[in-house]
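*Asks:* Heads up: the sequence lines are chains A and B, in that order.
Counting from 737, one number per residue, gives the positions in the first sequence under my numbering.
Counting from 675, one number per residue, gives the positions in the second sequence under my numbering.
These are calculated hints, taken from the structure and not from any lab test.
For every residue, glycine included, the Cβ atom is placed at its ideal position computed from N, Cα and C.
There is no bait here: all hints are sound.
Computed from the model, here is a short list of chain A residues facing chain B with C-beta under 8 Å:
# : residue
1 : ALA739
2 : ASP754
3 : ARG983
4 : GLY984
5 : PHE989
6 : PRO993
7 : SER995
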Amino acid sequence: MTAFLALVRKDLRIFFGDGRAVIMAFAAPILIGSFFGYVFGPKPVKEQSRVRVLVVDEDRSEVTRGLLANEATVEAVPTELAAAREAVRKGKAPVAIVVPKGFGEAAGQALFGAGKRPEIGVLFDPSHGVEASMVKGLLTGQVMQAVTRTGFKPDAARRAMDTAAMAPGDKAALGRLLESVEAFQTRPGSSGGGGLSVPFGMTDEAVTAGTGVAYNAYAHSFGGMAIQFMLFMGIDVGIGMLLLRQRGLWRRFRAAPLSKSVLLGSRAVSAMLVGMLILAVVFGFAFVAFDVRISGSLLGFVGVCAAFSLMTAAYGMLIAAIGKTPEAARGVAILATLLMVMLSGAWVPSFLFPRWMQGVTMAVPARWAMDGLDAMTWRGLGIEEAVLPILVLLGSAVLFGGVAVWRFRWEGE
Amino acid sequence: MLEAKNLRKAYGTLQAVSGVSLNAGLGQLIGLLGPNGAGKTTTIGMLAGLVTPDQGEVRIGGKAFGGDTSETKCLLGLVPQELALFDELSAAANLDLFGALYGLTGKRLAMERERVFGLVGLADRAKDKVDTFSGGMKRRLNLAAALMHDPQVLLLDEPTVGVDPQSRNAIFDNLEALKAAGKTLLYTTHYMEEAARLCDRIAIMDHGKVIADDTLSGLLRMAPVASFVVIDLAAAFGRMAELGGLDGVLEVSANGAALRVGVRSMVVVGPVLEWLGANGAVVEHIRTERPTLETVFLHLTGRTLRDA
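With these hints in hand, go ahead and build the complete structure from the sequences.
*Replies:* Given below as structure tokens:
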């Protein structure tokens, strides 16, 4: 036990004696977690960024005037076609819409099934597909409202009907419809007609830990970054063990009357302790600075943290066992870690992944850690939701540790 | 105290050690001399219980190793070839750690630390981090770390590599003090001067085998020449083959105007000088050299230690 404790103490002294390692382990996840939490979290309306949309209105009709002007999420900027195309190409604006000449009239006719439907051109930056889709949705509603508002005005409607290529019977039927509309619009107390509008509204409710409890994006981002930097610490554990071998220290340890379980176990315990401390400090900061709460089971949260810390330690052992030299192991380990972090959903939520990839991520232990931490923090779930992540993480630790013991070169120089 | 019988170890198709047997008693310092790759480190590994021999047996104090946690390991101290220290920790923290690996705690640990610091002369640097030490100081601390548990047998794997002469002498003094205290030391090196200075007996290794094992004087007797005569001439001399054919002359080599003549006995020197004078060579200076372990190694293997 004396040797075991001495080895653990040595690891902790070396870790805390290395300022850069401490900064990387504690400050980096806090900084990056704060950044992601701020960027991806809900913000007050005044802080929300509006999508800049260039509007090329070549029609300048009553229908097209003021398109997108009153949308809170959009900043509509009138411009010319050439300038709009150039701005989108250079990435200065994500989307531009081009309303061709004669759009309003053609749309009025198409409303009644007469004539060809006119088209609005949408120029968009391929890296901003989401914004383009949003603008299309907004346009659909706004154009529909503007066209119907204008189209149902009797004089405009009659003019459209007269110029449209319609069968005489259809014109007569449409004429009767317009007379009814005119009578409706000119009845006492009428507002004069505002066109068709979307016949429903929507109520949003973020389903979180409880009623009235807002989603706290920092809970997810701090969890994700803690996972990422703990895995990086796992790399350091593995590389450190390879360096022990390179520096002859392994020979010295092996010359002492120590079992393999003491040699590997002490390193695993010290790594686990550092991992737990990273989680404690990172979530402690999030608690104080960003009001992150363990809304679910505290026991479940501690369990997930402990299981993930153990898995990280075993991951470090695995790197030490498989890596031949520190230099060779470092590159592969960083790649493997970044892949694991990426697939865990720590950077971007896993629901954005293709369906097949979401299935793949279930084989990634870090994904279970992420889900477990989310469940115990902002989702506010009970310990029963932590059991499976804990078991998967412990199983991964056993698997990694087993392979590490099996493949570890005890005698190798 | 240290006994190895017929040790063999292969790595794949490479036979690293092939039938090595060694013995060292109390207060003896045995040298294991050989070029890089001769199998010295693998032999040390087997003696220290780090490498399991394919064949053969190691006994320390009459006891064989019995697994990783064998008590026999406590009789043994290993000084690895590398500076096996934690640069990030202080010298004292390093010694405390290596003492704790052998179960030392509390007052006993502090006492041993003081003793060992005193032996290697680093007591005044105990609290300093190792990365502030010079190469020689690190080597001394490397030795100290192996002495914390006061082992009876000390295995030293090239302990003076990269050390300045002053620190090397300090290490030699430490080793002689340990020897005088009755410790058994096994010392690998490829520096024949070190082996010649320190060792009671020297085993010469090459290609995984011990090709000679004797005292220094015993080994030197294996040399084919009794002495070398180095003769500086006024000008280069070309009739080497004729010189080599003289009675009692065993080998001749030239380096510019300097001749190096290996002779069976010193009585040959007179006739050699007379022959040179008679054949037009002007002798400016003459000196003699004893054969060295290098000579013995060359004789036994056909190569020099540096070439091997």
